[in-house]
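K.L.:
Sequence:
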Amino acid sequence: MSVSAEVDTIRIDEEGVVAFTQALVRIPSVNDPGNGRSEQPAADLVAAKMREFGWNPVVSEAAPGRPNVVAVVDGGGGDGPTLMFEGHTDVVTEGALDTWTVDPYGAEIRDGRLYGRGSADMKAGVAAMLYAVRALQSAGPFPGRIKVCALADEEGLMLGVHHFVDSGLAADVDAAIVCEPEAGEICPVSKGAIRFRVDFHGRMAHGAMPQHARNPIRTAGAFVLKLAVLEHELQSRHGTHPHLGLPYVTPTVATAGDLDQINVIPAYATVAIDVRTVPGVAHPSLVERVRGIATALGKDDEVRAEVAVLVDRPPVDTPVDAPVVAALAEAHTVVTGEQPTYGGVPGTTDGTILTARGGVPSVVYGPGGKWIAHQADEYVELADIVRSTRVYAEAARRFLHAPRPVGNR
Numbered sequence: 078m079s080v081s082a083e084v085d086t087i088r089i090d091e092e093g094v095v096a097f098t099q100a101l102v103r104i105p106s107v108n109d110p111g112n113g114r115s116e117q118p119a120a121d122l123v124a125a126k127m128r129e130f131g132w133n134p135v136v137s138e139a140a141p142g143r144p145n146v147v148a149v150v151d152g153g154g155g156d157g158p159t160l161m162f163e164g165h166t167d168v169v170t171e172g173a174l175d176t177w178t179v180d181p182y183g184a185e186i187r188d189g190r191l192y193g194r195g196s197a198d199m200k201a202g203v204a205a206m207l208y209a210v211r212a213l214q215s216a217g218p219f220p221g222r223i224k225v226c227a228l229a230d231e232e233g234l235m236l237g238v239h240h241f242v243d244s245g246l247a248a249d250v251d252a253a254i255v256c257e258p259e260a261g262e263i264c265p266v267s268k269g270a271i272r273f274r275v276d277f278h279g280r281m282a283h284g285a286m287p288q289h290a291r292n293p294i295r296t297a298g299a300f301v302l303k304l305a306v307l308e309h310e311l312q313s314r315h316g317t318h319p320h321l322g323l324p325y326v327t328p329t330v331a332t333a334g335d336l337d338q339i340n341v342i343p344a345y346a347t348v349a350i351d352v353r354t355v356p357g358v359a360h361p362s363l364v365e366r367v368r369g370i371a372t373a374l375g376k377d378d379e380v381r382a383e384v385a386v387l388v389d390r391p392p393v394d395t396p397v398d399a400p401v402v403a404a405l406a407e408a409h410t411v412v413t414g415e416q417p418t419y420g421g422v423p424g425t426t427d428g429t430i431l432t433a434r435g436g437v438p439s440v441v442y443g444p445g446g447k448w449i450a451h452q453a454d455e456y457v458e459l460a461d462i463v464r465s466t467r468v469y470a471e472a473a474r475r476f477l478h479a480p481r482p483v484g485n486r
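Residues 78 to 486 in the numbering used here are what the sequence shown spells out, letter by letter.
Keep in mind the hints are simulated off the structure, nothing from the lab. Each hint can be trusted.
As a list, the in silico SDA-like pairs of lysine to any residue whose alpha-carbon atoms are at most 25 Å apart: (1) 447 / 418; (2) 224 / 131; (3) 303 / 331.
Computed from a predicted structure; not experimentally measured.
I would like the entire structure built from these sequences, with the hints used as guidance.
P.N.:
Structure representation (structure tokens):
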């Protein structure tokens with residue numbers, strides 16, 4: 078059987094995957110408990126679709142009202158590896174409605190595009206992975222199994238994927254395809270992220286008598302200047318990554334004092350930092366460097382520095398010749414007729430945690446523009462939804478049938 082004939086045996090329900098994407102987009106699955114919004118209705122819809130497909134989804138709460146939905150689809154073709162498809166059900170807020178020209182949750186289709194919050198990030202990817210696995214299952218037996226995972230809270234603290242890994246559900250997974258929007262690029266690398274909160278505790282005094290104060294603002298300002306030096310050192314040492322660009326050390330929040338009391342030197346100041354790293358940057362050493370800078374400056378000014386690491390997500394650097402990446406690249410070529418383009422994820426995804434904490438090789442690929450996420454008038458091309466569904470099905474077939482030893486990863 079030729080490659081093209083093999084692909085043709087996997088029949089995709091094109092109308093079904095588009096309609097299911099619409100149904101998901103119509104659900105405002107924002108983490109907004111104050112207004113009664115969460116991932117719950119979207120997770121319920123995913124679970125219902127899985128049951129319709131004859132699967133047996135397991136629903137577990139990563140946090141109250143924030144469920145993960147996981148189904149294991151056995152291929153019926155004997156022993157083999159376990160492939161995971163992963164997507165998230167939460168979306169960011171729609172923001173100011175007057176910035177939209179369509180209803181953010183209307184899932185309107187216009188000129189071949191489906192509009193709405195989460196259409197690209199990533200309701201289309203969730204729909205595509207479900208319909209791809211169903212299509213592969215309908216085409217006949219395959220070795221091994223596929224875990225289809227719709228997880229909560231990717232846009233926040235990634236509680237869903239942490240719960241998934243902590244529950245031991247990643248232990249038997251050989252590889253994962255994360256279905257985030259990447260505009261057709263295969264992304265085996267992702268930037269890492271470290272987020273710091275640095276508090277400088279000084280001594281409050283009257284602005285007319287600064288000699289009695291220990292002004293934490295001066296220390297915080299000196300700290301921000303030192304961060305620019307640190308960023309330059311990192312960029313000089315690690316250079317520009319071909320897919321991820323430069324590492325960055327970015328102060329994002331600075332707070333101190335009270336505009337209603339400008340004559341008061343405050344007792345404390347806070348600086349928050351968003352650090353983005355590339356493969357090769359050692360996070361533990363970088364954390365100690367930031368801590369050391371803050372502590373030394375505080376000591377010089379008789380100000381106590383307190384450094385907290387809020388998020389620590391290492392970069393992902395899955396080799397291009399890893400079986401899951403190779404299977405995805407082959408599938409992209411046979412489905413689209415084009416050679417794959419490799420890229421990188423400028424932020425972090427659930428795949429970051431799967432790889433860093435679960436030891437699962439991951440790659441990111443999915444429908445939707447790479448830069449359209451979180452914007453007003455977010456959209457996804459209908460053709461992109463269908464194409465990605467075909468690529469997922471073919472990538473799974475190739476990964477699961479590939480002749481290679483199967484063990485504990």
